[in-house]
Amino acid sequence: MAGPEAIGALRRRKRRRHAGWHGFLYIAPAMALVLVFFVLPVLFTGWMSLHNWPLLGNPRWIGFGNYTRMVSDVRFMAALRFTAYYTVIVTIVIFAVAFPLALYVEKQRRLVGFYRTIIFLPVVVGLATASLLWVWLVNVDSGFFVPAAQALGLIDRRPNLLADFDTAFATIVVMVVWKIAGFTMIILLTGLQAIPSELTEAARIDGARRWQRFRFLTLPLMRRTIALALIISITGSVLAFDQFYIMTSGGPQNQMISVVYYIFNQSFVSFNLGYGAALSIALLVILVLISIVQLWLLRVGEDRP
Amino acid sequence: MMKRLLAATGLISLCLMSGASAAEISMWVRSGIGDSFKKVVEAYNASHDDKVTMTEVPFSELVQKYATAIAGGQAPDALSMDLIYTPAFAAAGQLEDLTDWAKSLPYFNSLSPSHVKLGTYQDHIYGLPLSVETSVFAWNKDLYKKAGLDPDKAPATWDEITSNAEKIRALGGDTYGFYFSGGGCGGCMIFTFTPLTWGAGADILSADGKKATLDTPQMRKAVDIYRNMVKKDLVPAGAASDTGANFLSISNGKIGQQSIGAFSIGTLITQYPDIHFGVTLIPSVDGKTSSFAGGDNFVISKGTKKLDAVKKFLEYTYSLDGQKIMAKYGSLPTRGDIADQVLQGLDPRMQVGLKAISIAKTPYTLQFNDLINSANGPWAGFTNAAIFGDNVDSAFSNAQSEMQSIIDNAQQ
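Residue numbers (my numbering), protein chains in the order written: chain A, 5 to 309; chain B, 11 to 422.
Extracted from the complex, chain B is given alone in its bound form:
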């Protein structure tokens, strides 16, 4: 049914496309990408002969729809997708190899390193960064003030964050010191929680993605920090069942501190002007900082007849004009070499998100969905069980073995 539906919509868009002389590029983006990319497309269409037709696909259905579109011969020319999927798509042989062209770009070496790493599969480049998201730490300045804390002093350690949370919680009522979506949102927790261990040098997967390395002293420490805050009632009870719907809880004005995405900086500024907040890098368990590099990679479907037109469009998004439009609507600069120019005149808090790019990490694995993003995967199960459950040790051992077995099964 889905296939037929897709084929039908594909056919319709095909009919719409024919008849134009300049290239018409069909491109899918995941929904929720925000205004930044839409505005670039608008600007490009207005100033160039080639036209980009953008289709938003719900984030959770993008992979399924793309797969069925390929099967039906109706794949779009290009795709903007969560960077973590690039290795899996490349491994499936569905993407154009962009290695030579990418390396010929004069700014290639200043593109977001984590995106390029995720865009690389077996030494070939299949994906390039489109939008960059990093995770950062935010605090509510009004609540800091009310709790007698210095609203302009960014916390640098988790001891500090915890004691600040206690003071904010002491304001009573519905005011809490800290928040995280811990119920079953693997994507949320990898984004906000793993930097606690990354900064301290540990990781949940080995560098080649073939070993689960969950059980480290750093991770135990990180779990303790969160557990402790839950036990002390510094976190709203809803966190334990939040599957990501309340990810931006700090926007309700009753949360003192929270790790958020750099994209939320723009959202908070434009949609919640009453929230006065500060932004800093997420401290790890030992005080060093880290961040998750999220966002989208740009990939091109194998066999598209519009390869050159698509490349031209991507070069436009990398130009100073393109980058400025993206940044104006909340996306961080993809190119490090012109980042300062791009962010000129914009909210200074965006700089923190930018600083995070150079230290940010992204796990490299073909099983990202299975291991980490899925609400039922070992990572989501682990964070929930370890932070809210009764038995931390078994949470560690269960998740460790489940992760390893998923990895091993996939190697066969």
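In isolation and in its complexed conformation, chain A is listed as follows:
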């Protein structure tokens, strides 16, 4: 006769046997989505990259021809260099702006909700919309900043900010920081708020100064949050396109063509989808490598086995 224990054991065994099944069912929808919208397109892109694939006309198999072409493509190399330069600058500036802001709005003080809101507000504006808005703001003839600066007597000649590399680049960086810093701030803020107040309390009682508390308590505990914010910022910058396309069309004199912009040009201006696909695969590999390095750096020195 089977006692209650035996029935319980049977049930447990059954459950264990079904556990894998159930788990699979739960993730199946997500897997299907990833399969349809990520894995298959990537495989198809890989297939395309092995062809001379014109937008009009029939594709022709050329093996790794597109990849060998890439290595000696000076314009692609220039786009890579520019994208790297942009990514480094933008990421540093965003952090330099967002971290102090996060520290500032973390404390409960007067109007803190208001500050958080206005800093976050630009995040909800689409990047293309923001770019168009800034094209107008900095326009030399009909915009806001330049005529305003002249009216205030700050400048006597109106400069066309978008016509020169340095000022156009600075304008785009300022626009992106204005647009993105609020988002990074919110991420950092959640990290800051996750630090138990007992710890800071204890450190204070032990006599740690404000800078010491920040350096030896806050920063180490923020490690994962910072890494997350960095990965988001770097990935976003490596994939930057809209702002260059809209604000300067890659100019002045083609000095601001990011990698994605170059892929767009190859695919839809030169109608060379095969080469565009090969460039996309290369960019994917680069992004994966960057993420691996970042995750590795995150783990180094972490107090875990």
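It cannot be assumed that every hint is accurate.
Here chain B is said to cover these stretches of chain A; the calculated rule only asks that three of the stretch's residues, wherever they fall, bring their Cβ under 8 Å from a Cβ of chain B [claimed, not checked]:
id	stretch
1	57–63
2	154–166
3	244–254
4	266–280
These aren't lab readings, by the way, just hints derived from the structure by calculation.
Quick caveat: nothing in here was measured; it's all calculated off a predicted structure.
Don't be surprised by glycine CBs; every beta carbon is placed ideally from N, CA and C.
Starting from the known structure of chain A, arrange chain B on it as the hints suggest.
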């Protein structure tokens, strides 16, 4: 995604089409073609059993959409597209060969020559002119008057244009003597700036399109003229970053002179009645005149079942009725033999655009987009660097070698 979307819209239009007895022609046109062609379609649909269903496709997406529609088996029966694309489309084998029919048209020899040339690929005709646009030179008569110039005297040389620009700039404030979209608009600059060299006998490409011939004394002179005007502050600073958005700056009333398209004549007359302007042909560096022949060619998708109906419709647009409707809404006559009749009673300034057709040119190349139209192509980069940059020589040598390498890569 795009493909599926297109397939879906194609399917819907297919469903809408079935059930009618007379032929239903589906036709794509690039957006911005203006009212002229729309009105012809309206008139045709009202007076014929066959019906034309016109779909406007954004100019910059037409090629992509057409390509994906072909891939999805949903290509429209006919297409009106920027004439410069005809050789590339024909080379891809996607168009019906119209040679015999075209040559049988009694007015074939009086069709806009540049359009027919662009519509021809390896001695076969794939495209015929639909709408004709030429570039012309316009000046603001009110500003001429204010600056003490004769408002009815068209400038004939660039020396004259420059000195007029100086006098107009001297009015001060926001008033400038000259304008051009030079930031990164290859399409604008080929339209307005190359006539300076064409009239003087030079060109940026060899006749067969296989050699870049950018660096000529004529082009150096042309660059000097524009550079000089920029340096003297006769051109608004915004020109250096204008990617084409402000192409019709003369409409703001503060620009004294500008090269524009003949289509802008209609726009200026109807939408900016306060601008009093004169129109003349664009002088070249040596004073002879030239123009860019732009506009659209009419092409028919290979394998369409409605070939005859499409031809009938095109013959209607070439008829005096069709031509008159086109002209009334701002498009120049496509047929030279009846041009005078067509333009009768219309604004006399249209005549200048018409005169330009016979001297107008269009570069013939399969890589027009890559070389010239693209904001990142060598031509756009060259005009920007040579006119606004510090080093003219390197602008010439960079663009020359980049152009040649694009041409060479495409030959492989």
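Outcome of the hint check:
Coverage of a stretch by a chain is defined here by at least three residues with a beta carbon nearer than 8 Å to that chain's beta carbons; for the stretch 57–63 of chain A and chain B the count is 4, and the condition holds. Look at the stretch 154–166 of chain A against chain B: 4 of its residues bring a Cβ nearer than 8 Å to a Cβ of that chain, three or more, so the hint holds. Counting residues of the stretch 244–254 of chain A whose CB lies closer than 8 Å to any CB of chain B gives 3, which reaches the minimum of 3, so the coverage claim holds. Figure legend: the stretch 266–280 of chain A, annotated as covered by chain B; annotation consistent (5 residues with Cβ-Cβ distances under 8 Å, at least 3 required).
Checked against the numbered hints given earlier, this structure breaks none of them.
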